[in-house]
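Enquirer: One-letter residues, chain by chain:
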Amino acid sequence: MKTRNNKELIQYMPFLLPTLILNLLIVLFPSISTILLSLFEWSGFGKIKFVGIKNFISIFSDNLVISAILHNIIWTIIFLTIPVILGLTVAELLRRTKWEFLQPFYFFPVILPTVVVCFIWGFIYNPVYGLAKYLGIAILGNPSTALYGLAFANIWAWWGFLGAVFYSAVQSISKELYESASLDGASGWQQFRYITLPQIAPTLVFMEIMTIIWSFQVFDWVWLTTQGGPAGSTELLATLLYKKAFSLYKVGEAAADGVLISMFGFLSVGLYFYLSKRGIEV
Amino acid sequence: MFQKIVLLILLLYSFFPLYICINASLKTLPELFTDPISLPQKPVIENYINAFTKLKIGQAYINSSILAIGTIIGILLTAIPAAYALAKMKTSKISNTIITYFFFCTTIPAQLSIIPLYFTFAKLKLTNSLIPLILIHIAGFSPFSILLMRSYFVKIPDELIEAALVDGASMWQIFWRIIIPNTKPGIITTSIIVGMWSWNSFMLPLTFINKENLMPVTVALAMAQGKWSVHWEMMMAGALLGALPIIILFSFLHRGFIEGLASTGLKG
Numbered sequence: 034m035k036t037r038n039n040k041e042l043i044q045y046m047p048f049l050l051p052t053l054i055l056n057l058l059i060v061l062f063p064s065i066s067t068i069l070l071s072l073f074e075w076s077g078f079g080k081i082k083f084v085g086i087k088n089f090i091s092i093f094s095d096n097l098v099i100s101a102i103l104h105n106i107i108w109t110i111i112f113l114t115i116p117v118i119l120g121l122t123v124a125e126l127l128r129r130t131k132w133e134f135l136q137p138f139y140f141f142p143v144i145l146p147t148v149v150v151c152f153i154w155g156f157i158y159n160p161v162y163g164l165a166k167y168l169g170i171a172i173l174g175n176p177s178t179a180l181y182g183l184a185f186a187n188i189w190a191w192w193g194f195l196g197a198v199f200y201s202a203v204q205s206i207s208k209e210l211y212e213s214a215s216l217d218g219a220s221g222w223q224q225f226r227y228i229t230l231p232q233i234a235p236t237l238v239f240m241e242i243m244t245i246i247w248s249f250q251v252f253d254w255v256w257l258t259t260q261g262g263p264a265g266s267t268e269l270l271a272t273l274l275y276k277k278a279f280s281l282y283k284v285g286e287a288a289a290d291g292v293l294i295s296m297f298g299f300l301s302v303g304l305y306f307y308l309s310k311r312g313i314e315v
Numbered sequence: 054m055f056q057k058i059v060l061l062i063l064l065l066y067s068f069f070p071l072y073i074c075i076n077a078s079l080k081t082l083p084e085l086f087t088d089p090i091s092l093p094q095k096p097v098i099e100n101y102i103n104a105f106t107k108l109k110i111g112q113a114y115i116n117s118s119i120l121a122i123g124t125i126i127g128i129l130l131t132a133i134p135a136a137y138a139l140a141k142m143k144t145s146k147i148s149n150t151i152i153t154y155f156f157f158c159t160t161i162p163a164q165l166s167i168i169p170l171y172f173t174f175a176k177l178k179l180t181n182s183l184i185p186l187i188l189i190h191i192a193g194f195s196p197f198s199i200l201l202m203r204s205y206f207v208k209i210p211d212e213l214i215e216a217a218l219v220d221g222a223s224m225w226q227i228f229w230r231i232i233i234p235n236t237k238p239g240i241i242t243t244s245i246i247v248g249m250w251s252w253n254s255f256m257l258p259l260t261f262i263n264k265e266n267l268m269p270v271t272v273a274l275a276m277a278q279g280k281w282s283v284h285w286e287m288m289m290a291g292a293l294l295g296a297l298p299i300i301i302l303f304s305f306l307h308r309g310f311i312e313g314l315a316s317t318g319l320k321g
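Sequence lines, in order, name chains U and A.
Per our numbering, the very first residue in the first sequence carries number 34; after that it's consecutive.
Per our numbering, the very first residue in the second sequence carries number 54; after that it's consecutive.
The shape of chain U in the complex, shown without the other chains (with noise of 0.2 Å):
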């Protein structure tokens, strides 16, 4: 048994090496790489120092940092509810009307680059050219108001990301499901509450989940477009942790940054397996 196991893997090998290798050498090695530089002390070139846990210390005493986690942690709810809720919306009316040609549309936003969606979004919100003026508040450039403005932007060219893996799902349900609770004069939201959702319970657990991970990831929206003001009101983590290592030459803050980052990222992937494992239920 042992000796034919072995005899697969040889023959699997060639398939499997190369992107193996790459991506230890591109993802793995560096990624490590980044944990063990958070423990040191480097400007980017000259020498490199070990300081232990000192660069954890300086970024949870820097309010930089604090109040770049608090303003992930608002973009991380506001994703978690508003795109999804629109997301599941979409899915459970096109399931109800057949109106699946609409699907097309709805996705569109999704697959334009972020850029592009930044520059759309800051001439709609430029308050001399664009639709602001008519409110007379520049969104993007009042603190108060930047960050929301951000995400509502990301948001547009989100949601239909999610409405098209709900729907998805949705699809795989039998509809005899349906059928029958119509027929025993269920309505149609309580279909949904009854049918919908548990069943697709999994993917909904699993994007929100995806969703914690990439919020705490979001780079280019900021940097694109208020990179980080007004008065920092838009820094999130991955800016500060970009200015760190490619222009304030504080290399090791920024691996500490990176670790941070990482952190909320696993201890996701960590709250998935526990929930998976404990049978997902709604």
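Since the hints were derived computationally from the structure, they do not count as laboratory data.
One thing to keep in mind: the hints can contain errors.
A short, non-exhaustive set of chain U residues, derived as facing chain A with CB atoms under 7 Å [said to hold, decoys possible]: (1) Gln44; (2) Ile59; (3) Pro63; (4) Tyr139; (5) Phe156; (6) Tyr227; (7) Gln250; (8) Gly291.
Don't be surprised by glycine CBs; every beta carbon is placed ideally from N, CA and C.
Model the placement of chain A on the given structure of chain U, informed by the hints.
Expert: Relative to the frame of chain U, chain A by itself:
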């Protein structure tokens, strides 16, 4: 009835920003300034010509194409054979470990690897070159490609492979002559999604490319933003040009895009 109205409102929500953008790209700046909403009195195409020349979109198109095509070829050569192996290996312990590892990879943020990667590449003089950037994209998108393609390979009956083995075909012959032709839809889906992600990619080229003549469309547009930010009519035309290849691809192959992305629920 009410349900259809909700769907139409959501349709309007998806379309309105695009309307604003297309509309703005067809107006002169003075006209745009007085009225950003209603249709242009007389549509102008100068903005597109200006965007193409002043924002240097021509060269950026070439760079983005090299990046996207290079990444697709790399994925076809590395990730797809791996997906096949992971679908057909009977030693499930090893293949399960590798599959779990690749799933885990999709959750590793690019921010975790980008710092050492950049400093190593800079030291080896590999920045400002498209091929190293292509390699990074291949490595970044292969976990998704492997998970997606595996779902297609699993559906191929083992008997087909065994029969070919009995006939004396080698593993590679089977892969190229039997497996690949039978999974064309999956390969096309994987290619267009990976191609789209490479075309749209921003943070990686921003970090690894800073020579203007090597910048892909996304970075070139971002760089033009500071210089031309008042010329919204031209920026809107530039934005549409930047997305145009993806828009064309999507209008023909939207099924593949939607199914491929919706079935994994991953975004690269």
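Enquirer: Now look at each hint and say whether the structure bears it out.
Expert: Comparing the hints with the structure gives:
Given hint, Gln44(U) at the interface with chain A, holds; its Cβ is 6 Å from that chain's nearest Cβ, closer than 7 Å. With its C-beta approaching chain A no nearer than about 4 Å, Ile59(U) sits inside the 7 Å limit, and its interface hint holds. With a cut of 7 Å, the hint placing Pro63(U) at the interface with chain A holds, because the nearest CB-to-CB distance is about 4 Å. Restraint check, Tyr139(U) versus chain A: the minimum CB separation of about 5 Å is within 7 Å; hint holds.
Restraint check, Phe156(U) versus chain A: the minimum CB separation of about 5 Å is within 7 Å; hint holds. Hint status for Tyr227(U): violated, given a least beta-carbon distance of 18 Å to chain A, over 7 Å. Taking 7 Å as the C-beta cut-off, the interface hint given for Gln250(U) holds, the closest approach to chain A being about 4 Å. Interface restraint check: Gly291(U) against chain A, minimum CB-CB distance 5 Å, threshold 7 Å, status holds.
Comparing the model with each earlier hint shows a violation of hint 6 alone; every other hint is respected.
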